[in-house]
Amino acid sequence: MTLVTREGEPRRAARLRSGQLFLLPSAVIICVFVLYPIVQSFWMSLHDWSMFQAVHPFVGMANYAELLGDPRFWNALRNTAIFTVATVPVQVITGLLLAVVLSRASWWAVFLRSVYFFPVISSFATMAIVWRFLLSADVGPTASWLRAAGLVPIDFLHTTAWALPAIVLVSLWKNIGFTMVILVAALQDVPEYLNEAAVLDGANAFQRFVNVTVPSIRHALLFTSVIAVIASLQVFDQVYVMTRGGPLFHTETLVTYMYEQGFSEFRSGYAAAIAWVLFLLIMLVSLIQLRLFRYSDVD
Amino acid sequence: MHLRTSLIALAAASGLALGVAAQAAGADPVKLTYWSGFTGGDKQAYLDLIKKFNDTHPDIQIDYQLQPWDSIAQKLPTAIASGAGPDLATPDYNVATIQQYVANGLALPLDDLVGQVGKGVLPQAVVDAFSVNGKLYAAPANFATLLLYYNKDLLQAAGIAAPPKTMQELQDDAVKLSNGQDKYGIALADNATIQMWPVLIWSDGGDLITNNCSDLADPKTVGTVEKWSGLIRDKKISPVGLTGQDADNLFAAGKAAFEINGPWAAGEYKAINFGVAPVPVGASDKPVTLASTVPTIVSAKTGHPKEAQEFLAWWLSKDTQAQLSTAAAYAPSRTDMANDASIASNPTVAAFAAQVPYARLYLPTEKDFAKIDTGIFIPAIQSAEQAGNAADALKAANDQLNKLLGCS
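In order, the protein sequences belong to chains F and D. Counting in numbering that gives the first Met the number 0, the first sequence runs from 0 upward without gaps. Counting in numbering that gives the first Met the number 0, the second sequence runs from 0 upward without gaps.
If you are wondering where the hints come from, they were derived from the structure by calculation, not from laboratory data. Predicted model only: the values in this text are computed from it and were never measured. Where is the CB? At the ideal position from N, CA and C, for every residue including glycine. Mixed in with the good hints, there may be bad ones.
Stated by the list, open to error - Below, a list of computed lysine to any residue pairs in the SDA-like style, where the Cα atoms sit at most 25 Å apart:
| hint | chain 1 | residue 1 | chain 2 | residue 2 |
| --- | --- | --- | --- | --- |
| 1 | D | K370 | F | N74 |
| 2 | D | K269 | F | I128 |
| 3 | D | K402 | F | G139 |
| 4 | D | K300 | F | E264 |
| 5 | D | K74 | F | Q39 |
| 6 | D | K182 | F | G139 |
| 7 | D | K182 | F | P56 |
| 8 | D | K74 | F | L186 |
| 9 | D | K300 | D | G133 |
| 10 | D | K300 | F | Q52 |
| 11 | D | K254 | F | W161 |
| 12 | D | K370 | F | P56 |
| 13 | D | K366 | F | D47 |
| 14 | D | K74 | F | F123 |
| 15 | D | K42 | F | I128 |
| 16 | D | K269 | F | G139 |
| 17 | D | K182 | F | I153 |
| 18 | D | K402 | F | S263 |
| 19 | D | K370 | F | F57 |
| 20 | D | K235 | F | P164 |
| 21 | D | K235 | F | L163 |
| 22 | D | K394 | F | Y258 |
| 23 | D | K366 | F | P56 |
| 24 | D | K226 | D | G133 |
| 25 | D | K235 | F | L133 |
Stated by the list, open to error - Per label pair, the in silico range of CB-to-CB distance:
| hint | chain 1 | residue 1 | chain 2 | residue 2 | range |
| --- | --- | --- | --- | --- | --- |
| 26 | F | F21 | D | T38 | 43 to 53 Å |
| 27 | D | D54 | F | R16 | 50 to 60 Å |
| 28 | D | T38 | F | L96 | 52 to 62 Å |
| 29 | F | N203 | D | A252 | 55 to 65 Å |
| 30 | D | K51 | F | F132 | 54 to 64 Å |
| 31 | D | D54 | F | S17 | 35 to 45 Å |
| 32 | F | F132 | D | T77 | 32 to 42 Å |
To be verified - Residues of chain D clear of chain F, computed beta-carbon distances all greater than 10 Å:
| hint | residue |
| --- | --- |
| 33 | N103 |
| 34 | Q167 |
| 35 | D217 |
| 36 | K219 |
| 37 | K234 |
| 38 | A282 |
| 39 | D318 |
| 40 | A337 |
Generate coordinates for the entire structure from the input sequences, incorporating the hints supplied.
Below, the structure is given as structure tokens:
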């Protein structure tokens, strides 16, 4: 008996150690670059923290209280919410429709999938510069085409009414390909026998889509919509490059406002408070999404 | 005996070698890192000058690192504070930014430099902007004034013989040169730009701040903004919401006839037939334009304060300033070069230099510069341009600004 434990223990310990070693690199990276900054940023949000200063006075919840009375924060929150509501459903539904149409293995479907996926692999900052040029009413090609067609071109990125819609459209162009590719993979995993059974039961194509296909890829729909919501709430690159939050704060989002507070007014503590509000918002929305999708798991 | 001589020879040789090595180590040049944001049309002029300094100063070598302005703004304070920063840096093109560096002990007072350059040599406006409690904390990397750029071909096609001398003429010409669609009289940028609107306001006798109180609701300021934003809305003399880059693109594409800009832009306009003229005179009847100077600070953590200031003294020397002026059309950062042959012989350089007496810095010492500029002034101008409510927008901005300044 003693012999067994003696033999068993070290072996188990050795397995454990190698397992931990494999985890170590990513655990260290997560601790250093994710967990520590999260804790540190909360600590900063409780201080009047400027990266210039050596001393950071503790102010408790004062930064959060100031947020409540800051009209630019509420404006940024509203713009972020509008952006999210305008992009996520369109991105997931269009991505799903494209996936259905292009999930077959014909050469043109493969080709079109690559075309739709192409914007995903390019840098968003670079693409935003290209779009800023394309949409420019003065030097961009869109304006001259509209003019050639006898229409009055719109100065998309400098007009309060059009700047946010323009950024929504560019974001959709950039991100739909990602949703599509995930859903194509999910569609290809839907067991053929389910569809065959539904055909035998007399279901038409639309009924099969709603009652067989969509429930079968629910996990992928959940994944793409959660990722899309998180990305939308954190929208930054395209706004920073295309409008810098303008004109007149009409495209200022939580992250661009946070960036401005942190890096142009050097109020790191206040910026950290914005980051924490955003963090809680993302957590809340993600939990709601997970709950909604889990609910339908019951049937 | 033989062996002994060999040993002595060997000892002597190794001693010699050690001595040479020691000497070589002593002659190791001091390396200074310099973070600079001059990535525009004037980039080459700076690179050439740095190379010249390195070639003529074997004991000091500048490692010149070009970076975008916003990248410097993000990294520099923490880099200096942690001791990992450069020895020299241009923190920002807005001069007020150095106030924060000084207040937090990140910039070194340049006492050596003041001794080497001499009092009264730097323009007084620059000394005032770069000094805190009587100590100079930065040296001007450049000194520029703004002129009115005009597209000769567009003016000629519209039958305008000479560039405007008054703001009224500029407005009339701008209306005449706009077609309400894709041709604009003027490219007037309101954000992310060298300031153009403040020049218009000053020319009519208005201002942003005087005696630490807001002037945004001053009738003169309101009148200027109403006039120009009205022309932009009704006559489409300029697109709205332009950044400096947008305005430059518009002028470079020959789609705008006028632009108020600094010497660095000239290099980007090679494709068009342009001229420069003084900024027209407004209702105040006095010439005025914007002065722009980029501060170079020495890090408080540098290990080589003496060498860093030696470099800055060289930078401000007459020869270097003459070369910078000729290469990039900057006005010299010295007051004693007005009659210098290299300035007088080059008409473009002379035109920019001639404006020095009339040139003002924009909010040079406001410690809340970013809040005033991007948070209050620019939104008020954009609101006037977009919604046509100049008086209301400026009144609201006036209240905000007074609250921020603590002026009742």
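Evaluated hints:
About 17 Å separates the Cα atoms of K370(D) and N74(F), which keeps this hinted pair within 25 Å; it holds. With a C-alpha separation of about 23 Å, the suggested pairing of K269(D) with I128(F) holds against the 25 Å cut-off. Restraint check: the Cα-Cα separation between K402(D) and G139(F) comes to about 42 Å, which exceeds 25 Å; the hinted pair is violated. Simply put, K300(D) and E264(F) have alpha-carbon atoms about 23 Å apart, close enough for the 25 Å limit, and the pair holds.
Between K74(D) and Q39(F), the direct Cα distance comes to roughly 18 Å. Compliance with the 25 Å bound is thereby established for this hinted pair. The suggested pairing of K182(D) with G139(F) holds, with an alpha-carbon distance near 14 Å, which does not exceed 25 Å. Note on K182(D) and P56(F): the hinted pairing is violated, with a Cα-Cα distance of about 54 Å set against a maximum of 25 Å. Taking the CA atoms of K74(D) and L186(F), the gap is about 46 Å. The hint is violated against a cut of 25 Å.
Of the pairs offered as hints, the one joining K300(D) and G133(D) holds, with about 21 Å between alpha carbons and a cut-off of 25 Å not exceeded. Between K300(D) and Q52(F) the alpha-carbon distance is near 15 Å, which keeps this suggested pair within the 25 Å criterion. The straight-line distance between the Cα atoms of K254(D) and W161(F) is roughly 23 Å, inside the 25 Å bound, and the hint therefore holds. The straight-line distance between the Cα atoms of K370(D) and P56(F) is roughly 21 Å, inside the 25 Å bound, and the hint therefore holds.
Of the pairs offered as hints, the one joining K366(D) and D47(F) holds, with about 17 Å between alpha carbons and a cut-off of 25 Å not exceeded. Proposed proximity of K74(D) and F123(F) is supported: the alpha carbons are some 22 Å apart, at most 25 Å. A threshold of 25 Å between alpha carbons decides the hint, and for K42(D) with I128(F) the separation of about 22 Å falls inside it, so the pair holds. Proximity of K269(D) to G139(F) is assessed by CA-CA distance (about 20 Å); at most 25 Å being required, the pair is judged to hold.
At most 25 Å may separate the alpha-carbon atoms for a hinted pair to count; K182(D) and I153(F) meet this at roughly 15 Å. Among the hinted pairs, K402(D) with S263(F) is consistent with the structure: their alpha-carbon atoms are about 20 Å apart, no more than 25 Å. Proposed proximity of K370(D) and F57(F) is supported: the alpha carbons are some 23 Å apart, at most 25 Å. Only pairs whose Cα atoms come within 25 Å are accepted, and K235(D) paired with P164(F) is accepted, the gap being roughly 24 Å.
As the CA atoms of K235(D) and L163(F) are separated by approximately 23 Å, the hinted pair is consistent with the 25 Å bound. Between the alpha carbons of K394(D) and Y258(F) the distance comes to roughly 28 Å, so the proposed pair goes past 25 Å and is violated. Between K366(D) and P56(F), the direct Cα distance comes to roughly 19 Å. Compliance with the 25 Å bound is thereby established for this hinted pair. Proximity of K226(D) to G133(D) is assessed by CA-CA distance (about 41 Å); at most 25 Å being required, the pair is judged violated.
In summary, the hint linking K235(D) to L133(F) is supported, as the alpha carbons are separated by about 21 Å, within the 25 Å threshold. A hinted range of 43 to 53 Å holds for the C-beta pair F21(F) and T38(D), which are about 45 Å apart. Between D54(D) and R16(F) the beta carbon distance is about 59 Å. The supplied range of 50 to 60 Å therefore holds. Taking the beta carbon of each, T38(D) and L96(F) are about 44 Å apart, not inside 52 to 62 Å as hinted.
At roughly 57 Å, the beta-carbon separation of N203(F) and A252(D) lies within the given 55 to 65 Å, and the hint holds. Restraint check, K51(D) to F132(F): a C-beta distance of roughly 37 Å breaks the suggested window 54 to 64 Å. Checked against the hint of 35 to 45 Å, the C-beta distance between D54(D) and S17(F) comes to roughly 58 Å, which is inconsistent with it. Roughly 33 Å separates the CB atoms of F132(F) and T77(D), a value that falls within the hinted 32 to 42 Å.
Distance to chain F contradicts N103(D) as a non-interface residue, since its nearest Cβ pair spans about 4 Å, not more than 10 Å. Its beta-carbon lying about 26 Å from the closest one in chain F, Q167(D) satisfies the requirement of being farther than 10 Å from that chain. For D217(D), the non-interface assignment is confirmed: its Cβ lies about 23 Å from the closest Cβ of chain F, beyond the 10 Å cut-off. Every beta carbon of chain F lies more than 10 Å from that of K219(D), the smallest distance being close to 24 Å; the non-interface claim holds.
Listed as a non-interface residue, K234(D) keeps its Cβ farther than 10 Å from every Cβ of chain F; the least gap is roughly 16 Å. Even its closest Cβ contact with chain F, about 28 Å, leaves A282(D) beyond 10 Å, as expected for a residue assigned away from the interface. Non-interface call for D318(D) relative to chain F: holds, since the shortest CB-CB distance, roughly 36 Å, exceeds 10 Å. Its beta-carbon lying about 37 Å from the closest one in chain F, A337(D) satisfies the requirement of being farther than 10 Å from that chain.
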